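**Q** Chains as they are written, first to last, in numbering that gives the first Met the number 0: chain A, 0 to 368; chain B, 0 to 347.
Since the hints were made in silico from the structure, they are not lab data. On a predicted model such as this, the values are computed, not experimentally measured, just so you know. Glycine is no exception: its CB is placed at the ideal position from the N, C-alpha and C atoms. Treat each hint with caution, since some may be false.
[Stated by the list, open to error] Listed next, with one range per pair, are the computed distances between beta-carbon atoms: (1) E149/A / P19/B: 56 to 62 Å; (2) R355/A / N39/B: 42 to 48 Å; (3) L310/B / N24/A: 40 to 46 Å; (4) D195/A / D16/B: 37 to 43 Å; (5) G191/B / Q280/A: 48 to 54 Å; (6) D119/A / V59/B: 54 to 60 Å; (7) Q280/A / G15/B: 19 to 25 Å; (8) P337/B / P173/A: 52 to 58 Å; (9) G292/A / P19/B: 40 to 46 Å; (10) E317/A / P19/B: 29 to 35 Å; (11) P173/A / G15/B: 14 to 20 Å; (12) E44/B / L263/A: 30 to 36 Å.
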Amino acid sequence: MTFLSLLLLLTSPNVVVPLEIDVDNLPPVVAVANVGPSLVSVEIIETKYGISLSGALTRVIGTTGFSGALITPDGYVVTTASNLEGVRRIAISLEGNRWPARLVDRDTFNNIGLIKITGDAPFFNPIGVADSDLLSQGMSVLAVGKPIGEELAASLGVVSAIRDYFLPSGYLIPKMIQTDAHAFSFNRGGPLVDMDGKMVGMTAFSVQENTSTPVYLATSVLDLNFALPSNLVIDTAEKMMQGQTLFHPWIGIQPTILQERYALFAGIPDAYMGRSGILVQTVDANSPASQQGLGAGDILLGLRRTRVMATGREENSEEFVVSPLGLASWIRASEPKDTLTLILLREGQVEEVSLRPQDRPDNALPGTV
Amino acid sequence: MGWGKTRSAYIRMDGGDILPAKLLFNNCKIDIAIIQILPNEEEPEKEYPFVPMANSDEVVRAQRVFAVGNPGDQSYQSFSSENTIFKDFLLKNTVTSGIVRDRILSPQLVQRMLGGVAIGGTQGVWDYGLELSETFDVDATINGGNSGGPLFNALGEQVGVNFAGSSFFEGQNMAIVINDAKKTYQDTVDFGRVVYSWLGIYVFLDRQQIEWSSVMSIQQNSPLSGVVGGPRGREAYSSMTLREDEVRSIVETPFEVLDIFPDSPASKAGFRRGDLIHAFGWDRDGDGEIAKDEVVAPEHAFEARAWIRALPLDTDLLVEVERAGVHYLIPMEIAEQPGPGEFAGGTL
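Just chain B, with the same shape it has in the complex (with noise of 0.2 Å):
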């Protein structure tokens, strides 16, 4: 995050060496950015060290883990090469070391980090609506200035991407699981962009919606209403932290389609405000058809976007919807997510 209108970029090696790189791409939705070295001229086949990634599914509670970074973002002294200033770090390359306290989902995120002002890279997260599948809550100290450094497991594998400490609470910080990341790395490499599946239904609300929804005047319909006696426009802000039970209301199984993206693949099959998805249905074992034993309902809206998400493009999907108390089986077709410029944080 932070990245901007950024094109340009120099990386520090460990040994001083200071090397020319470019932005390949800012996934704002999950605070990713891929930079690549570019290629020296003196040495194009050159290879750098690279660090080896853990698959984050396997990661548990209570692990240990290892930040790396430097902390103290404005901690620097100048150095100067080839007539430009640089900064580096007074404190760079530090360890802290800790556990993983816990793997949650976003919304759960958002609530937690609102009880504390949030230091690191959050603030932008927002943003831009948060699109994390889940998230590492670490208690290795992550400071300022560690935004970006990597998490690592005993192994030295990496497993997450360090990205917001609280500095409320003590030992409460924040990890972007690797999958993501590498997510990100791979699109970019093969694609340009990050392409995920989606539908666009929105399931949950986020800051960035509210705040949406507020400056767009959308006072009536709108995605707050959903919400059991919910705040409405710039009442919003000041009751944004939801309760633990009210967060889980809102995304367990049957959760409400609180709103619809415009020309999603939603939007084309019909849903309409107000329904209950109860469950999903696809062609799971491959023989061209959706039996109805393969219509299986989802713990909650997260485990669906997960579905969702590790489908490819053009799937087809059988979604099973209650409407004013009748039941219905709702035909439709996954397609790609917009970017972040389009917004659509908090949809399925």
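Chain A with its partners taken away, still in its complex shape (with noise of 0.2 Å):
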């Protein structure tokens, strides 16, 4: 819009200007107000059986919380996946009710689950949900969950960054949210809300309690926690909710930083000089990098990836990555049906090798992408 269609705009008679509201400067009771109807304490139900003091065998029932958010009025919770490892019974609480409910599907990867409300519920009030590409560094969030029953905890804090975050597996989620808002271990699952009580992500995990983090600390650490973006929830919520196989692009290689002085011993060819950086450290056995022929030692020069598009062209792109994470955001990136070309030196001689990628298997070689 230019400035004067604006002004035209503001000085015609019949248009009301919205009032904007800032909602970065909302107070948090407004943020809780709002999305206390929809938060759920989630337990898990697990029998166990034990020998007692007069030798007879006897049945234990116990029950494990922590937090959820409701997503649909007909009663789908998400929460974090690692909360749902073998769990057989589920409970969901909200404001005085308790409501069988059933494991729909969990995404370990994405550390995403879904569960259902089962029974005669009635329609529930879902959480708002924001624009997570939204978010900018410094925007104020509150982290709430319910961490011992139905009291509704909150804390608030500001978006420390947004980054990509390479987990050990080697499994990568891009624009992770980072928070020093304080997520205590039973907040996981929970939501962070913005400050008018809209869901930007699911609270994941700390750094100072998750040793197996890539981040090794010397010292004790405190506030460095991981939220995933709503986007990434909700989407894969909603493949979960249609049924849909989740895609985990994988192709099995173990990249590590190529250094230059390496570089100019292994022969790169001038046009791919200073280019691009990624040495092949391992391959996994049973990967499509494996079956292809790459093995240790082959240098990675360029990336080109052929989608078919929907009217049938194919469409090519080409990159030049310098780092382990712009690899394995690139293979992030790809769809099931895409063709990977990968520029390799081989021997001091430069070959293309393309491949499909494949759903990244549980026992995937730990940090291949």
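Make the complex out of the two chains shown on their own, each in a separate frame, by following the hints.
**A** If you want it as structure tokens, here you go:
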């Protein structure tokens, strides 16, 4: 809109200029009031058998609780998948009522689990969802959860950063939200909301307590918490609701940085010099990469993706990547029917290898992308 | 801190550019270093974006602040550029938020930090004796690796330099006030060193002084003998934590001359250990002489130190001291505080 047309719009008598609400400066009570009816406590009911003191076989019913958010009026609840490992019976508590629920699906790589409330449940009040792509560093957020039964706990913080997070498994989660809002272990699975109470993320893990993160710390650290972005959570949940198979693209190579002093020895052609720096460290034996003969010591010079569009036209995109993180996010953006062409330097010769990404298996070699 | 004999450094810009830099001055007394990006040969006139600085005296308690830094000092991945391996923080450019809990004076800082295991640069600061005018105590999380990062107010102006957190007390983190850093920068540009106005009177004790006195085996007549029932020598290590009222009794006016720095203005003026300082007078109205009503009592030793710091070198002073029950007015002249090599921590 040009300045002139804006001026005309503002000066014309029949136009009501909407009052812009500064969401970031609303008091936290607004967010808590908005999110309260959609925040649930998820209980896992486990039956354990033990021998009592008198020697009789006894049955113990134990429950563990954590948080989740209602995303549809008919009772779908999202939470973290790590909370739902091997569960049989689930109960959802909300505003004094307790409903039975069943596990719909879990995505262990993205750490997203979907639960559906069963039985004669009424319509629920789903959480409002904000576009996590619109979040920016420094915006105020609240980590909310129901850590102990029905009581809502909220902690205030800011978006510390938005960064692609490389899990030790080699799986990359793009645009994770780092926040300094305190996240207790029972808050996990609970939503991260903006100051209007709309979900922008789902609290997933904290660096200080998760020793399997790629962050190795000598000293103890505080308030380095990560949340999955709401767009990823909602997209994944919708696919789960429709019964679609989830795809986690994987080719099975473990990349490492190629230091430039070695690049000089390797005889990289001038056309690629300084633009690429990835060395294949290992290859998973049961991966698309190993089927195409990739091996340790190959140097990745370039990448090309061929995608057949809905019109039947083929579209090529080429890229040079310089970091393992860049390669991981390039592979992450692939679709099942894409053809990925890797331009390799092997024993002094430039070769092209084409392969299709595969869904990442559970037993993939750690660190492979 | 932690620069040691470092004379070269690299600055990594947000866009990934790596620029050579040099250390201009390391002010160990307040844990502030001034680094300059070396002029670029291709663009000698290149200007870099810079952070606006606020007046830290205007920062009030409970004001919202934001810390930016690279927490987790070992959480880096390496990347290469021009045959050199650099470290890149995994959690670089992290924003944390909080409020200013308090503005505190240095001995209280030492006392508070001793209660917990301090992380960050505090250990190094103690090794030289803390000469900060004051510090901000904030609850914005500061982890190892945040040290040196800026503390901003809500307008995006820098109000402090983050330097320590406590792993025992969550939500107690320290930032150097930006006015101290500004002075270091201005003096480095003007003189190549930092010039502090100074008298040379020991008025409070810090870790370095305790350590110094024990190393030098000055068991008798040690500065510590000024503290009622105070520990001596190595015993001092085990009882470094002073209670709040003990700290207050040491610094409140009239405060005691615990020791005198050799060859200082105080030693030339004939101060003695055990003198009680009541008031300071200087030519406040600029009429060329020090009138009786210009001799004013400070609230405590830190207020006196702030007065002296603000006066130019060679200013004439009249100091009212009490010795054996008799009040004297001692004339003296302000001089420059010696460098950290000679150690003058804990002095006025």
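**Q** Okay, R355/A versus N39/B on CB: inside 42 to 48 Å?
**A** holds, 47 Å
**Q** For P337/B and P173/A, compare the CB-CB distance with the range 52 to 58 Å and indicate the outcome.
**A** Holds, since P337/B and P173/A (Cβ atoms, about 55 Å apart) stay within the stated range.
**Q** Does the Cβ pair L310/B, N24/A satisfy 40 to 46 Å?
**A** Since L310/B and N24/A have Cβ atoms about 44 Å apart, the given range 40 to 46 Å holds.
**Q** That 30 to 36 Å hint for E44/B and L263/A (C-beta), does it hold up?
**A** At 34 Å between Cβs, range holds.
**Q** Using the beta carbons of P173/A and G15/B, state whether their distance is inside 14 to 20 Å or not.
**A** At roughly 19 Å between Cβ atoms, G15/B and P173/A fall inside 14 to 20 Å, so the hint holds.
**Q** With respect to the beta-carbon atoms only, verify the hint that Q280/A and G15/B lie 19 to 25 Å apart.
**A** holds, 23 Å
**Q** Using the C-beta atoms of G191/B and Q280/A, is the stated range 48 to 54 Å upheld?
**A** The hinted range 48 to 54 Å holds for G191/B and Q280/A, with Cβ atoms some 49 Å apart.
**Q** Could you say whether the range 37 to 43 Å given as a hint is met by the Cβ separation of D195/A and D16/B?
**A** Because 38 Å falls inside the window, the suggested range holds.
**Q** If you check the beta carbons of D119/A and V59/B, does the distance land in 54 to 60 Å?
**A** holds, 57 Å
**Q** With respect to the beta-carbon atoms only, verify the hint that G292/A and P19/B lie 40 to 46 Å apart.
**A** Taking Cβ atoms as reference, G292/A and P19/B lie about 43 Å apart, which means the hint holds.
**Q** So does E149/A sit 56 to 62 Å from P19/B, Cβ to Cβ?
**A** holds, 59 Å
**Q** Taking the Cβ atom of E317/A and the Cβ atom of P19/B, is their distance within the range 29 to 35 Å?
**A** 34 Å Cβ-Cβ, so the 29 to 35 Å window holds.
Checked against the numbered hints given earlier, the structure satisfies every one of them.
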